[in-house]
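Protein chains: 4
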Amino acid sequence: MNILPGTPFDCAVDGDKLKEECGIFGVTGVHDASNFVALGLHALQHRGQEAGGIVCHDPIQGFNSARRFGYVRDNFTRADVMKGLPGPIAIGHVRYSTAGSKGATAIRDVQPFFGEFSMGGCAVAHNGNLTNAAALRRELIERGSIFQSSSDSECIIHLMARSIQTTLAERLKDALRRVEGAFSVIAMTRTKLIGVRDPMGVRPLVLGRIGEGWALSSETCGLDIIGAEFVREIEPGEMVIIENGHLKSHRPFAPAPSRFCIFEHVYFSRPDSSYGGRSVYEVRRNIGIELAKEAPVEADLVCPVPDSGTPAAIGFSQQSGIPFALGITRNQYVGRTFIEPTEQIRNMGVRLKLNVNRSLIKGKRVVLVDDSVVRGTTSRKIKDMILDAGAAEVHFRIASPPTAWPCFYGVDTPERSKLLAATMSEDEMRDWIGVDSLRFISLDGLYRAAGEADGRNPEAPRYCDACFSGDYPIAPADKLKEGFEMKEPAE
Amino acid sequence: MNILPGTPFDCAVDGDKLKEECGIFGVTGVHDASNFVALGLHALQHRGQEAGGIVCHDPIQGFNSARRFGYVRDNFTRADVMKGLPGPIAIGHVRYSTAGSKGATAIRDVQPFFGEFSMGGCAVAHNGNLTNAAALRRELIERGSIFQSSSDSECIIHLMARSIQTTLAERLKDALRRVEGAFSVIAMTRTKLIGVRDPMGVRPLVLGRIGEGWALSSETCGLDIIGAEFVREIEPGEMVIIENGHLKSHRPFAPAPSRFCIFEHVYFSRPDSSYGGRSVYEVRRNIGIELAKEAPVEADLVCPVPDSGTPAAIGFSQQSGIPFALGITRNQYVGRTFIEPTEQIRNMGVRLKLNVNRSLIKGKRVVLVDDSVVRGTTSRKIKDMILDAGAAEVHFRIASPPTAWPCFYGVDTPERSKLLAATMSEDEMRDWIGVDSLRFISLDGLYRAAGEADGRNPEAPRYCDACFSGDYPIAPADKLKEGFEMKEPAE
Amino acid sequence: MNILPGTPFDCAVDGDKLKEECGIFGVTGVHDASNFVALGLHALQHRGQEAGGIVCHDPIQGFNSARRFGYVRDNFTRADVMKGLPGPIAIGHVRYSTAGSKGATAIRDVQPFFGEFSMGGCAVAHNGNLTNAAALRRELIERGSIFQSSSDSECIIHLMARSIQTTLAERLKDALRRVEGAFSVIAMTRTKLIGVRDPMGVRPLVLGRIGEGWALSSETCGLDIIGAEFVREIEPGEMVIIENGHLKSHRPFAPAPSRFCIFEHVYFSRPDSSYGGRSVYEVRRNIGIELAKEAPVEADLVCPVPDSGTPAAIGFSQQSGIPFALGITRNQYVGRTFIEPTEQIRNMGVRLKLNVNRSLIKGKRVVLVDDSVVRGTTSRKIKDMILDAGAAEVHFRIASPPTAWPCFYGVDTPERSKLLAATMSEDEMRDWIGVDSLRFISLDGLYRAAGEADGRNPEAPRYCDACFSGDYPIAPADKLKEGFEMKEPAE
Amino acid sequence: MNILPGTPFDCAVDGDKLKEECGIFGVTGVHDASNFVALGLHALQHRGQEAGGIVCHDPIQGFNSARRFGYVRDNFTRADVMKGLPGPIAIGHVRYSTAGSKGATAIRDVQPFFGEFSMGGCAVAHNGNLTNAAALRRELIERGSIFQSSSDSECIIHLMARSIQTTLAERLKDALRRVEGAFSVIAMTRTKLIGVRDPMGVRPLVLGRIGEGWALSSETCGLDIIGAEFVREIEPGEMVIIENGHLKSHRPFAPAPSRFCIFEHVYFSRPDSSYGGRSVYEVRRNIGIELAKEAPVEADLVCPVPDSGTPAAIGFSQQSGIPFALGITRNQYVGRTFIEPTEQIRNMGVRLKLNVNRSLIKGKRVVLVDDSVVRGTTSRKIKDMILDAGAAEVHFRIASPPTAWPCFYGVDTPERSKLLAATMSEDEMRDWIGVDSLRFISLDGLYRAAGEADGRNPEAPRYCDACFSGDYPIAPADKLKEGFEMKEPAE
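Chain order of the listed sequences is A, B, C and D. Here the first sequence is numbered in the UniProt record's numbering, starting from 1 and rising by one per residue. Here the second sequence is numbered in the UniProt record's numbering, starting from 1 and rising by one per residue. Here the third sequence is numbered in the UniProt record's numbering, starting from 1 and rising by one per residue. Here the fourth sequence is numbered in the UniProt record's numbering, starting from 1 and rising by one per residue.
One or more hints might be untrue.
Since copy identity is lost for identical chains, a pair holds within one copy or between any two.
[As the list claims (entries may be wrong)] Straight-line distance between alpha carbons at most 20 Å, and here's what the computed EDC-like set of lysine to aspartate or glutamate pairs gives:
| id | residue 1 | residue 2 |
| --- | --- | --- |
| 1 | Lys173 | Asp427 |
| 2 | Lys353 | Asp307 |
| 3 | Lys83 | Glu340 |
| 4 | Lys353 | Asp74 |
| 5 | Lys248 | Glu238 |
| 6 | Lys487 | Asp307 |
Keep in mind that the hints were calculated from the coordinates and are not lab data.
Model the full assembly from the supplied sequences, consistent with the hints where possible.
Next up, the structure:
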C-alpha cells in the first residue's frame, strides 16, 4: 500500500507537508468571543494562509465550530458564518499553505481539533510540530483509535481520550507529557481557556487582557488588533488555565533550557510583534547594522528585496551611509499563475511579483538585502532582473546565516539536499547565483542583533538555530527512524 | 450542555434526523470501479438526495475518497473528481435529505466511513438504523474513542478498531454482532468487497455480476444501469465476501425470521426494482386492485397523486373500470422555495409542485390515489386544489394502511404525535382532510398485494410492518430508554 | 471574418440556435409583481431552461432587472435577487437551452431586452422567431445601431428607437409592423403592460386577472400557479395595453388567417394548459384514441415513452382495450453526463434517464407510444432496452405525423437533412429503428384529435403544421436567402 | 423616474461613480496576444480593481471577448477563459472599484466596448472621463441609439456608428473630435491597433516594442512585465495606428498645451513607472526632499503611512537627517469588513489594515509622511493609533498640496463639500486632525519635485493640477450644467 499506516486516505500528503507553521488565538470573558478570534487570526494570517477554523462555546447553544479554506477575511467576516459561532469563549487556528495544491488538505485537517469526552468537549489548536507523532500514531491505532485527519496534532486528542484523569485539563497535561517536539497549544473546554508552551518554548505564545477578559495569541500583533493589553509571554514549559476570569499557572513538564526559534525574528513573525520587549522590526534592523559591519561594500544604493528584506536594508543603509532606495517594486495583486504567453518572456514568475525601477537602478552599484536563501532560485532571477535594468554591480547581503538544515519544529523547509547552503560554500553560492558578492550574517552577528551582546554561547545557546547550525535541541525521533542523519557531534 | 455526549459539535442534529434512509452500492473486478459506483448511486438517488460519497482502492494509488453534498449527477460526473478515484474496487453511499437545512449535516457525516487499522484500511457504507447506537457510543467514548461524525453508523468502525480479530472481515463480523437494528452494509478492504444484511433482512441488498466482476446494490435498478445481471438477493443474516473474483457466503449471526420492510414496496423502492421476482410496480398495481375491491366507489375518473400514486391508480382503474386520467400535473423543476408574493396566494407550496388540469376535472367525481398519509397536511391542500378546479366529489384511496407508528429501522418518520393516524380514526381523518370519502388499504390487503395470498399471518408476519401495526420486530433499545412507549401487547 | 455582420463577438451562435422556444410572463397591479413573475416563469420552465430574466418598475426605484443562467427556482427565489426587483409591474422571460454549451450564450442575450428612449424606458420579452431578422439587422447597423446581443429579438428595440412615434406603445406597433415571423410579445413601460400576438397567432399568449391586477402568460398553467383567473387568449393580431387597471384592445396589423402551432398540442405546452377550452392533456389523449383507430395492433401492454408519451398511451389503451402499464421508468435526477466507465456498457445515455421494468415486460408484446420522432436515434436505443428486457414484440406508435421539415417560427429543430422523416418512408424508418411495426398518426387524425372533426382543410388549415406538411404560412425570408428550398407547391 | 434619461436600468450609479480611473493595454504582432494583455493588465491592476475585460481577434475565430469582475489574476489566468481568447491582436481594460458595492456595476459596464459596424467590428478601451458625455448621450438617444451600459465611454461607439466615414479609424477620429474631456484610448479592428491621447494629454499612454510586435500601455510597468522595450510616450493629441507591423502617427485634433495629470506622480501611477525619463519613485522622493526643506521639524523618526507615503518619507529622511523607520505595519490580507465584536474596540477599520510598532514608537517624536489628505478621517485615526502607542509628538507632512477641488478627468473624488481642504485652512485641519503640526507641500514645491526648476508657471502650467488649484484646463460642461461652481477667475 502506498500510504503509511495511519495516514488518512484522501490526503496525498508527503512527509514535508506535515511540518507547517501556524497561528493560534483564543479569548475568554468577552461577548461574541469568535469575532475577536476572527480579528486575531486575521492579524496572524501571515503564519498560515491555507485555511482557518474557530471553535466556540455558548452556555445555551453549546459548542459550535466553522472551518474554511482561504483567508480569514473572506470567511470569518460573513454574517452567516459568524452568527453560528456564539458565546463568550472561543479559540482559532490558521494553517500554512504548503507547497501542494489545496486539494491535498482535507477540510478535516483544519484545526482546532475537537473531542467529545465523557466529561465534556474539548478543542485544541496546535502550533508547532511533534517529533514523535508517527510512533504515537501507530501505537494509538494498535489500541483502537480511529484517526480522521492527516495532522499529527490529532494525536493530542486521542492521547487525552486514553487518559485516566478525570478533568480535561489534567488529561491535556497527560497527553502533552507524552508528546515530543515543539508546540504552543491553545485549548478550551466549556469554561476554561488553556495556553501551553513546550518545555523549551520553541514556538511563541503571548498573553493579553481585554477588559475583564483574557486573550492568548501567537504574537503580540494579535493582541493589538483587538485592543488587548500585552501582559506577558507564556513561559517555556508553562500551562495557564483561565476560568471565571482568573488565571492559574501550572508547570506540568520537567524543566528545560529555553530555546526560542530564532527564525521567528529573522522572517516568520510580523515586524510589529515584540518578544522580550524588543520589536521584531528592531531585531531585523539590527541585523542590517551587524551585516554592514561584518560585510561592508562600496555601493550607490541599498535596496531591499521586498517586503521582508526591508528592515535589514534600512539598518544596512543607516550603518553604511549608502542611500536606501526602493529599487524593486512588489505587485500586491499576485495570485494564481498566469499562462505564459510565449518563450519570449523569461523569468515570468518573478516578473509577476517584482519589477525593477529601471531609471533608478541604471548604472548603479546596488546592494540587495534579502532575509534568507533557501533554494537560491529566486535570488538568481532577481539578480537577472537587476542586471537587465542596467545595474553596474550587484551585491547580495543576507539577513540570516546559510540555511543548511531542515526544521522539524513547525517550519516547512525542503529536505536537506534541496537547501543550497547544504551543498555549497558561500563562494560557490555567489558564483551559482552570479553576483559580484554574496555575504550572510554570521550566527554570532545574528545573536548580537537579537540582543546577546556576546554572540552565541555554544554551551547554552539561547535560541533554537538548528536550521543554521544543525544543533537540534529536541531529537527528531520519527525522522531519525526514517534515516535522517544528524550532524556529527564533533563537527 | 445542550448536546448529548458524543454528538459532534457542529451538527445541530435532533434525534429524528439520525434515522435516515440511504442507498448503497459497491463493485469489484472492473476497470475504473468508481465510475460504476457513480452510476449505481445515480440509479439509487431516490433513496438519498442530500449527499454522496465514494471510497475506492487502487494497487498503486491506495485508498482514495470523495464526499460531496448534492446530487450524484452534479459531483460524480466531473472529471476532476473522478480521476481522483482510481482502481478496480469501490463502494458508495447516498444519504437522505432530512428536513433540516444542509448546514445541519457536516461533510464528515457523509459515508462511506473509513478507518485505518493496523492491518490496513476499511471503508463501510451502511443503510438502516442501529437501535442501540446511543448506548454503544457512550460506551466507546468511555473507552477512549473519538467520534468525528453525528452518524450512529460510525460505531461500526470504532467497534472494529476494538476487536481483537486479526482480519478486517472478522473484525466487521465482531462489530456487527454488537449492533442491534436494521442494516444492510457494503464494506471494502484493499482486496475484498463485503455485503451483509441484518438477521431479519429489514433493508434490501442485491447481488449482480458484471463481466468477471461483481456488484452489490440496494436495489436491482442499480444493477440495471450498469448493465449487470441480477444474481440473487443477499439473504437475511448473510455476509458475502468477494475476493479475487470468488464469492463466499458466511452466516455470522444467529438465525431469525425474515422481516423485509413492506414500506419498500409501498413507497421507497423504485417501481422498476424487483424483490422476490416481482417488480415493485406490480405490487403497487396490485395494491390498487385490492383497494378497488376493498373500498369501491362510484366515480368518473381515477387520478394518481403524482408520481408515487400512479401504479396503484392504474390498478384501481383496471379493477374498477373507472377511467384513469392524469388530473394533476407535477412540475419537474421544483427546488428552492419561492418568496411568497402576497397573501393573495393560498397553498403556494403545493402549487409550486402540482397543478390541477381544470378542464379535465371540472364537474367530475374524482378518485385520488395516494401512496400514504403521514401528517395529512398535503392531502388537505390537494383536496383544496381539486375542489377549486370544480370537481363534483373527491374520494381519497390510500395505497397503504394508516401510518400510526414511527420507524426506527432507517426511514425518517415524524414522532408519533405528529402522525395523523396515531390520533384519529379513519372517519376523523376523512373529516379533517375534508373529502367525500377516505379509505386506506387493510394490512391484509397489502400483504395479499405483496404476494401473501392469505394476508398477514399475525403469528409470523413475513414483513416488518411496524409503522402500520406497531409490531416492532427489533426492540428499539435507545428509544425505550428515552421514554418511547410500545403498543400494549394485548392491543 | 468568421462571424456575420451584426453577430456579437462573444457568441459563437450558429444559425440554428437563434430559433428557440421561450416562455414569457407579465403582471401589473399587484404588490411585488416580480414575485408573481418568478412563479409564472417557474410554471413555464418547460419552455426554456437555459436562462431567465425579469425587468420591473417601481415608482421610487425606477426600472430594475436581473438576468441569470439556470432554473428560475435557483435564482429568482433568492432574497438578495428578489429584493432588488421591487414594484407593481414586471415582465419576465425563460430561454430554451439550445444544443450548444451554455458558454455559447452571453448573459446579454437573456431577455427581456430594455431600451432607454427619450420618453422613458421600455422592456420587451419575445417568444417566437422573426423570419426577416437578419435583413433588418443589416439595415439597422447600416443606419448606426449597435447590437449588443446575438438575439434577433433585439431588432424590436432598435426599430422602436428609430420610430418617429411619440409614445412607446405606438413605437412598439411601428416596430412590430416591420418584423415578419411568429411572435408573442410582452412589453412594459413605467405604467403599461402590453401583450401582442402576431397576425396568425402562431405562438400562444393568454390573459388572466389576479385581484384588481392583470397577468399575461404563454400558457394557462402560468395563471394557475399565481392563482389568477383565466380570462381569454390574446387573439391573433391583437395588442392589449393595460394601464391603470384598464385593458384596451388594439389591432395594429392587417388581418390574417389564424394558424396556431399544432406542435404546442403535440409536445410543447404543458398537459394541464388549455387552448380553446380544451386541455392539452385531452388533445394528447385524443391523439392516442385516433392512433388506436388508425393503426391497431395485437399486444399485451401499452407503455408510454416517459413522460411526454403518457397521455397518448392512455388514450391508445382506452380505445384498444390493451392494458396500460408503466414499462419504462424515468430517473428524475438526470443531469450532467457521467463518465462512461468502459465499453462494457452500451446505450449509456439512455440508461441514465430510462430503465425498463424487466419483470413486467418479459415475454410481452409491447406497444410503445412516443410523442414524435426527430432523428430517430433515441427510438433505436429504447427499442434495444425493451428487447434486452425480453419483450416478445415491439410496436411503436407515434403521436404526431412524421417531422419532415424544420420550424422557422420559434422551435429549435435540426436542419432538414438530419430529420429522419425527411429522408425515409415510414417502412424504412421501421426497419432502421428495428421494430415490429411503426406507425405515425395521420395529419387528419391529428386535426381530429385537436377538435377539427373533418380533419385538416388543405385550403385553410386551422393550424401551422409546417414541420409535418412543409406548408409554411409565413415565408422564411432570411432562410430562403441562405438557400433553403421550400416544398414544391405542386407536391 | 429616478434615473436619468439614458442611464441603464440595472445600475444605480450616481454621478460620482462615472468618474473612474482605469488602466488600458493593447498588443499586436505576437502569438496569443491575450496572454500578454492579461499580464499588462495585471501590472496595471492598481489603476482599477473592480473588473477587467479583454477583446481579441483571430483570423479564423474572429472577435472574442471576456469580461469578469475581480482581479486579473483570478480570471485571466484560467485556461478555460484564455483558450477562448485566441489571436495575434488584443486589447484590455481594468476598471476602478468605486465606493459602492459591486452590484452597482453591471458586467455590461465592463470595457472594452465593442461595436459591429458594416465595415467590421471595433473594440474601444477608454481611460479618462468625458466632460460632455451626458449631453452627447441625450442627443444620441434622441436619434435612435440604444445604450447598453452606464458608462459614458459607450458614447464613443455610438458616435462611430453615426459617422459617415468609411474606415473604422476615420470613424474613431470623428467620434473623438466630438467628445470633450480627458482620454487615453486604445482601440482595435481586425488588423489595426490604435492608440490616442486627448489634445492636452491628461491621462498617460506609452508605446513599446516586443519582438516584431507593438504594445500600448497606460504605464511603463505594463511594458516591463511582458518584457517589452519602452519606445516613447504617445504625445498629447496624437493617434498612432499600427497595422502589419508598421506604425503611423496622426494628429486628428487642434493643437493644445500639454497638461499631464500631476496626481499620476503624487499617487496614481506605480512608483516603478516612468514619465519623461524620470521614475515616479524619484519624483515622490523629491517631494519628500522639498517637503523637508519647506517644512522642517525636530523629530526622532520619519515614518511613512504605508505604502504610498514611503518614497516621500525616504526623501524627507534623507534631506532632514532624521532616521527613517517603518513605524506602521500594513496587513497585506485586508479585504472584507469584519463584524465588529463590541464597542470595546475603537478604530476597528484602520486596525484591520494598519498596526503601530509600539516598542519602536514609544516616547518618540514622529514625523508621519502621507501622500494626500482627502476627507481627513483616516488621518485622525492614524494619529490616534500613534498616540495610543505612546508617541511624544506627531507631525504630519503631506506629499501633495491640499486637495480642494474635485477631478472631472477620470479620478474618483468626493464632491467638493466633502474635501477637508475645501472648507478648512491648514491650521484648522491641523487642529481637526489633532496633531502637533501639519504641513502640505506647496504647489511650486510639487512642480520642482516633478522637474520644473522654477516651480509652477501660472501663465502656462505644465500639468493639470485642478484638484489643488481649481484651475480646470477643460471646461466640465456637464457639471456646469448641473450647477458646479468654478473658482472665481480673480481668486
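The hints, checked one at a time:
no.: 1; hint: Lys173 with Asp427; in the structure: neither (49 Å within a copy, 61 Å between copies)
no.: 2; hint: Lys353 with Asp307; in the structure: both (11 Å within a copy, 16 Å between copies)
no.: 3; hint: Lys83 with Glu340; in the structure: between (43 Å within a copy, 12 Å between copies)
no.: 4; hint: Lys353 with Asp74; in the structure: between (22 Å within a copy, 15 Å between copies)
no.: 5; hint: Lys248 with Glu238; in the structure: within (10 Å within a copy, 58 Å between copies)
no.: 6; hint: Lys487 with Asp307; in the structure: neither (33 Å within a copy, 44 Å between copies)
In this structure, the earlier hints numbered 1 and 6 are contradicted, and the remaining ones agree with it.
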